[in-house]
Structure formats: C-alpha cells, structure tokens
Amino acid sequence: MTRRILLGSLRRRKGQVAVAICAVALGASLVVAALNLRYGIEGRLAQELRSYGANLVLVPRAEPFLKERDLVILEDKRLKDRIIGYAPFIHRVAKVEGKDVVLVGTRFSQIRKTNPWWQVEGRWPEKEDEALIGSNAASKLGLRLNDRFSVVHKTSQLSFSLAGILRTGGAEEHQAFVPMETLQRLTHLHGFLTSVLVSSRAGKDLDETVAILQKAWPQAETRTLLQVARAEEALLARLEIFLTLVSLLILIAAGLSVYATMSTAALERRVEMALMRALGGEERRVAWIFAAEALGIGLIGGILGCAIGLLLSEIIGLSVFGSFIFPSLLSLPIGLALGVGISLFCSLWVMRRILALQPAVVLRGE
Amino acid sequence: MEPLILLENLTKNYDGKVLALDRVSLQIYPGEWVAVMGASGSGKSTLLNMIAALDRPTSGSVRVNGEDVLSLSEEQRARFRREKVGLIFQQFYLIPYLTALENVMLAQYFHSMADREEAAQALHEVGLGERISHYPSELSGGEQQRVCIARALINQPKILLADEPTGNLDAENEEIVMAIFRRFHRSGLTLLFVTHDAQIGTQADRIIDLEHGRVLPTFPAMALRSI
Numbered sequence: 000m001t002r003r004i005l006l007g008s009l010r011r012r013k014g015q016v017a018v019a020i021c022a023v024a025l026g027a028s029l030v031v032a033a034l035n036l037r038y039g040i041e042g043r044l045a046q047e048l049r050s051y052g053a054n055l056v057l058v059p060r061a062e063p064f065l066k067e068r069d070l071v072i073l074e075d076k077r078l079k080d081r082i083i084g085y086a087p088f089i090h091r092v093a094k095v096e097g098k099d100v101v102l103v104g105t106r107f108s109q110i111r112k113t114n115p116w117w118q119v120e121g122r123w124p125e126k127e128d129e130a131l132i133g134s135n136a137a138s139k140l141g142l143r144l145n146d147r148f149s150v151v152h153k154t155s156q157l158s159f160s161l162a163g164i165l166r167t168g169g170a171e172e173h174q175a176f177v178p179m180e181t182l183q184r185l186t187h188l189h190g191f192l193t194s195v196l197v198s199s200r201a202g203k204d205l206d207e208t209v210a211i212l213q214k215a216w217p218q219a220e221t222r223t224l225l226q227v228a229r230a231e232e233a234l235l236a237r238l239e240i241f242l243t244l245v246s247l248l249i250l251i252a253a254g255l256s257v258y259a260t261m262s263t264a265a266l267e268r269r270v271e272m273a274l275m276r277a278l279g280g281e282e283r284r285v286a287w288i289f290a291a292e293a294l295g296i297g298l299i300g301g302i303l304g305c306a307i308g309l310l311l312s313e314i315i316g317l318s319v320f321g322s323f324i325f326p327s328l329l330s331l332p333i334g335l336a337l338g339v340g341i342s343l344f345c346s347l348w349v350m351r352r353i354l355a356l357q358p359a360v361v362l363r364g365e
Numbered sequence: 000m001e002p003l004i005l006l007e008n009l010t011k012n013y014d015g016k017v018l019a020l021d022r023v024s025l026q027i028y029p030g031e032w033v034a035v036m037g038a039s040g041s042g043k044s045t046l047l048n049m050i051a052a053l054d055r056p057t058s059g060s061v062r063v064n065g066e067d068v069l070s071l072s073e074e075q076r077a078r079f080r081r082e083k084v085g086l087i088f089q090q091f092y093l094i095p096y097l098t099a100l101e102n103v104m105l106a107q108y109f110h111s112m113a114d115r116e117e118a119a120q121a122l123h124e125v126g127l128g129e130r131i132s133h134y135p136s137e138l139s140g141g142e143q144q145r146v147c148i149a150r151a152l153i154n155q156p157k158i159l160l161a162d163e164p165t166g167n168l169d170a171e172n173e174e175i176v177m178a179i180f181r182r183f184h185r186s187g188l189t190l191l192f193v194t195h196d197a198q199i200g201t202q203a204d205r206i207i208d209l210e211h212g213r214v215l216p217t218f219p220a221m222a223l224r225s226i
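Protein chains in written order, with numbering that gives the first Met the number 0: chain A, 0 to 365; chain B, 0 to 226.
Simulated from the structure, these hints should not be mistaken for lab results. Please note that a few of the clues may not be correct.
Claimed, not checked - Pairs of lysine to any residue residues, derived as SDA-like cross-links and limited to a Cα-Cα distance of at most 25 angstroms, are as follows:
no.: 1; chain 1: A; residue 1: 66; chain 2: A; residue 2: 220
no.: 2; chain 1: A; residue 1: 112; chain 2: A; residue 2: 123
no.: 3; chain 1: A; residue 1: 13; chain 2: B; residue 2: 134
no.: 4; chain 1: A; residue 1: 139; chain 2: A; residue 2: 186
no.: 5; chain 1: A; residue 1: 13; chain 2: B; residue 2: 132
no.: 6; chain 1: A; residue 1: 13; chain 2: B; residue 2: 28
Unchecked claim - Quick partial rundown of chain B residues pointing at chain A, CB under 10 angstroms, derived from the structure:
no.: 7; residue: 65
no.: 8; residue: 73
no.: 9; residue: 90
Small disclaimer: the values here were computed from a predicted structure and weren't measured. Every residue, glycine too, gets a C-beta built ideally from N, C-alpha and C.
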C-alpha cells in the first residue's frame, strides 16, 4: 500500500513533484559546481601561475657542477606530475667581441616553457651557432640582429649569429644565451651544468616537491625562489578562503531554497497527514510515507543536480581556462547528500510540527 | 446496559478565550442513533472530535466502550481511532491521488492489511461497485461521501461518527446517503451525527441539542418529528 500511495502521489502530483525535484537538483547542482570550481580552479590557477616563471632552482651542493645525465631524475614518475617544466643552464664568463660577458648555455625549447614572459626581438635560436643576447649587452657590444660575432673562452673560440635580442626586465638583459651543447663544447665542460630552473606546482605541493627533489638528487641543493613562491602561496591561500566562503554561501542559499520548496510541499499536504492519523495511522507510519517520498525526491534531485553541477563546472572551466576542470570526487557525495539530506530534513522538520498538532486542529483548517 | 459512550463534565476551552464545550455530560448506548444539533459554533464538531480522540479536552472525561480515551498515549489514540470508530466528514477528505478503492484500502492499511476484494465489496454495498477505479475528482459529491462511508465502515467500527455528512450534498444524494445510514443502523451500528439540519436530525433515535457548548434538555427525536 505504501508503494501505491507513493506511486499515486508521484503520478497524480507530477507538477508539484517536478518543482520539488527541480529545487533539489538546482541546489545540489550549485553546490557540486561550486565545489568542483573550488578545487578545480585552484589547480588550474596554480598551473596558470607557473607562467610567471620558475619557483625552484637547483644548484651544486658540494661539487662545482651538476651532471647533465642526472636530469633524468626530473623525469621520474614521482616528480613528473609535480613539475610543469625545467631548464638546465651552464654559466661561464667569456669574451664577446673582446668584452667580458656572462655566457649562458641552455635549451631554448625548455626555457620558453619555464620563462614564457621573455620577449625576443627577432627569433629564438634554432641552430647550434645561433645566439640570443640581452638588450643591454647587445647595445654595449653594438650588435644588431643577424650580426655575426665571435666568442672566446680561454683558448677556444666560436662564431655565432645573433638570432634575437632578449628583453626580460632582469639580469638576463646583460647576458648572452647560446645552445647548451655549444657552450659545453666551447668550455670543454661536456655533460656539466651550473644550475637548473624548475617550474613546480605552487602551494602545499611545493614543499613536498622540494623534499622529494632533495632526496632524489642529493648532489643538488634545491632552493626556493622565495619571492615567487610566497606570492603564489599567498594568492592561492586567499583564493582558497574566497572560494570556500563562496561555496559556503552557495550551500546556505541552495539549502534555504530546497528548504522553502520542500517545506511548502509538506505544508500543502498537512490535511493528508491529519486524515491518515484520523483514520488510525500512527505518527511514525504516516511520517514514513511522506519521508519516503521526500527521500525519492531527494535522490532523483540529488543525482540530477550532481550531473548538472558537473556539466556547469566544466562549462565554466572551459570558458574561463579554455580546458576542462578535473571534477572533485568529494563534490558528488556532498551534492547527493545535500539533495537527500536537505529534502528529508525539511520534510521531517515540517512533518514534526504538523504531527505535533491534534488531527482535529489541522482538519478544522487552523 | 452500559453506555457505549460516556462523557462527564467535558469542557474544551480554546486558548482560554472560546469556551466550545461547557461541562457536557451524556451517555450513548450501543445501537443508538444520536443526532447532535445546534447552531454554528455551538460546539457540535468539537464534541465529536473529543469522542473520536481527534482532539483533547481541557477537562472532563471521555469513555468509549469502557476505555478512558484521555488516558491514552498518542499511539494508543491512533489504535483507538482505527479499531473503535469510523469517521465521516462534511468535506469528505479523500486522498485525491488515490482511487475510490485505494481510499477505502487506506483505512484497511492503517488497521491491519489492505484487502482489495473486501474494499471493493464495501464500495459495492454503498452502490459504487462500478466506480472503484475512479479518482475523487471523477466522482460527484454524493459518490465521494459514499466512498467515505465505505472507508469509515471497512474496519467494522463500534461507532460511526459523522460530522455534517450531508452538508455538501443535494437532496437526491442526501437521501441516498441517509438510506445507507439507516441500513447500517438497522444492522446494529451505533451512529452519532453532528448536523444543523432538523430533517436529518429527526431520523435519529435521540437528539442532543447544544447551545454555547452546553447540552439543552434531551428529548427523543420522535417528539421533534411530531411537532
């Protein structure tokens, strides 16, 4: 009979049931979307922040150089997910056109990932005899794009073509950049590095990455570029507070909306409850009938809400970041629990108040 | 003979402002048909609600079939309602999304177990054998009230309590419903009606007249019929 009552109610009260399901679904979807964005945006933003440059630098601990072959450590699966990019360097002072200049050997394809804000007039070097020179250095040396110049280090000498002039707003503008292997050949330092810039995920992950790096590569000292790292941490911490507050507000707003709808639905049926009690139904039995209905509405609304919330967060992620947000697994049980919990809680809350009244009071219409 | 319903000094005061019942005492015996009459606000429905354990009095006592209704817990009051009394209301109070048959089965469900055949037979007895699958919105007022009668009687109660059972019916349906009541009364059912209609009241064995919550001197309905 309970099934008949429930099915009859759902079948004959389609409109009211649909409104209740929509309210629950809307509430759950907002919470699921907010939670997904809360976690998803944080991850995406941390990744976006990496476009502002590396936040770790590896330098030799005791030896004068790091070994190039140890770079495979950074490709290890424990670190691969934590490291967005890295660029190896070898620094030497050499004579360029007769003047002392800091010559930096690096891999241009990698530095473009770790330092994407670097501006190059001309183009990035592609051949082993092509170089990039900081704007200050180029000006002092009187070099222009496509000029050829010689570099002397001790007894070795090489000739380069100026592919691009570099503007960074930093010390790099006083330096000259050449392919790493070319500089190693010039300086006879094959397979050696002086530093590695690492671009790692920010926030709590950063400390863990430092610990893993120190363990995995004991010959290298891992230093945090504090200004960058702290600025990122502060920004992410503020963002976390902001998103938590927004999620909380959405949770409250969605909860109140579901409460209002479910309470109204329960109030509308107070005469039915009173009648069932007048017919001899015990409070618990009558409550169970209406609670089962609220449970069904909560479940359907909760599942729908989770699906809509996921979709909503992905649409927002796509429009803001241009890529999908990885859904938070926590958001689904929370969305479902919200749907079921609030609809059940609201119904029981109103039911308790109605059932506390004598049936005659309700049937009299008071 | 022991009275089936015994009320002693029953008083109901709403919020200390409205005295709906004022020290009402009366006895109703098994098989009796009693009509409670009076003007609107005289306390008729309140009296019926007290006997049906649908409301609690401010003071006094209600005994039905030897059971002190006021001493019962809410759970026991529910049991009392489903086992001892059948209720009929002026506004019918049928569940709109259940068919006539299912509305009758609802009373069985709360009593013990829903029995489709038995519920269909009850509807057949009130002349609705062909309308069992209809929803309340598809039935006339008279038909709805007959569903209510079937629902009230399905669990074989000791007393049928009816609050203005013909109040919303036209003359034709009123007669059909009253004929059903007469039939059940002849079979030994105790009936307590609340009505303000003298025509209905005179069909009872006895009339209890209420005025401002007080019982006026009781007289047999026969006397009213002869006026």
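List of violated hint numbers, smallest to largest: 6 and 7
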